[in-house]
Amino acid sequence: MSETYTLHCLSRTVSPTTHMAGSEGNESIVAREAVVTPRGIAKIPFLSGNAIRHRAVREPGWRWLIGEWGLEGKLSLPQLNFLLHGGSLTEGGGKENTKRIADWHRLFPLGKLLGGCLPSQILTGSVHCWRGTLVCEENRQALGDWPIPDRLRPAEEFVTPYQYTRGDVFKLALVDAAAESASNQMIFNGQAVCRGAAFVHGFVIRHGSPLELGALLWSLKLWLAGGGTVGGQAARGHGRIALSLANFAGDVDGLCESYKDHSRTVREEAVAWLAAAFATKAEKPATPEAKPKRGERTKS
Amino acid sequence: MTHKEQRAMRRASRTAAWKLEPLRVEAVLASPLCGDAPHLDALLENAAGAWHPPGEPESRTDRAIPPPPVGAISIPLKREPLNGWLVPHCSSPITSAVLADQHEHVGKRISIENANLLAESERGAVNTVATWTKSYRLPVRVRLVERVAWFCVGDADDLKRLLLRVPCVGKKRSIGYGRVREWRIEPVAADWSWYVKTPHGQLLMRPLPVAEVLGLIGCKADFAAVCAPYWHPSRYAEVLTPC
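In the order they appear, the protein sequences are chains D and U.
If you count by the numbering used here, then the first sequence holds residues 1 to 300, one letter each, in order.
If you count by the numbering used here, then the second sequence holds residues 301 to 543, one letter each, in order.
Hints were generated in silico from the structure; no laboratory data involved.
Keep in mind the model is a prediction, meaning the values are calculated, not measured.
Warning: the hint list may mix true and false statements.
As the list claims (entries may be wrong) - Chain D stretches covered by chain U per the calculated footprint, using a threshold of three residues with CB under 8 Å from any CB of chain U:
#1 69–75
#2 124–135
To be verified - Derived Cβ-Cβ restraints for the label pairs, each shown as a range:
#3 D:M20 <-> U:N383: 47 to 55 Å
#4 U:R461 <-> D:T37: 29 to 37 Å
#5 D:E156 <-> U:A489: 40 to 48 Å
#6 D:R39 <-> U:A489: 32 to 40 Å
#7 D:N189 <-> U:D522: 49 to 57 Å
#8 U:M309 <-> D:D253: 40 to 48 Å
#9 D:M20 <-> U:I517: 44 to 52 Å
#10 D:K260 <-> U:A521: 58 to 66 Å
#11 D:R39 <-> U:K460: 34 to 42 Å
From the three backbone atoms N, C-alpha and C, an ideal C-beta is built for every residue, glycine too.
Next comes chain D alone, as it looks inside the complex (with noise of 0.2 Å):
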């Protein structure tokens, strides 16, 4: 029996965050989306689901179960791309293979969450990533059913700068120090999103079962013990975040027992489909021999 999961999630940032979009001059600037206030449209930073959905759940889960199942050294690029990259219809549709789709809901619980595209057919995914919606004065009314305080701050006291220098070491190497005065290094900086923000956002999964709710829980506790970044500059220590579930009375460490149990128990099913799915087309049969020329001497 399927049901519908709804996640509520509270994500605060431990380092600063950048998850940009794009630039101001020389000034990196953090994603921001418009929000109704009062005193008309702000422009508030938040992050996107699409990030959301890719570094909590997609990169996580696959990489986990690409180790488990024992295919690292052995993916075709084009199964890489669907894994980690939801993948590409390269031989166009009109086929829809149901049997095959059964097999990728029963054997790939992350996979029936994800959805994907192999390469002649769409899988839909059953999952939704909402967008994180900063904590703060101008989205009150968006944070909707969660416990407000009274006093919010405002966004922008949360948007930091940042700055950061760069140089060529080779060329420092050659330069003699005392003579060169003037340093080479490269100044960047930007904004972010400073430590101790926080963010609402959630998951939904329609239709789906408790494997799909494990796949999830797991790939994202697998996405905090590595470190859970989201945003840019992360090899800076930028775009930490601290997950906590909101409200959630399952048992999360049971489900992901259960999600584990099974995609080991299905390991040889899974690692066939995925060859089966991607098995390039067998070649056409050699050509029968050219006719001899005129005047060509045949084998007798």
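Following the hints, position chain U against chain D.
Just chain U, lined up with the frame of chain D:
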């Protein structure tokens, strides 16, 4: 009686009990709307089809596959034959004032940092400017609207039941656009699903398979669909659409 027959009977009894009345259906949005809002009958057919009741055709389809026969998926809306088409009594979507109209981007690139996952024979130069491995950063139109409304003639209870299965509307729903905070259904004084009487004439409210403009205002001749799935070529006909 088989399980399938029991379901069909239950459905028939529910359909017979429908109380069809003029309604206004409203979606209160919690996130920006991406692309355009859908037609209400398409939304309902999708919600009914995704559930897959036995004996009821699936609404999910492909451009190359024939769509379900017109009216085969039962939805709690009045439908009326018009010039060979079974046209539902629901208006085109009407959005509240657009408070911000902008574009955002959806991007993709092959994660070269995962090259170690590839088989030895698969490792090599990847073309990131063409073919299916091309990186992209596609702009999507995003509008900040607070509500989307439709006028229809339907059964309020069954509409509510079906619409509760619709958590979001528009494009790119899986990444948080067009999230519905609340569905509101309320009765209205008259049927405004096809036309609305105005001092200047009858205002067209949805695409209709009518070849001639008969005292209608706010419309133009077009070649488009009048029932779900609206994107399917086999549904296209000479119509008048609101403009």
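Looking back at the numbered hints, which does the structure fail to meet, lowest number first? none
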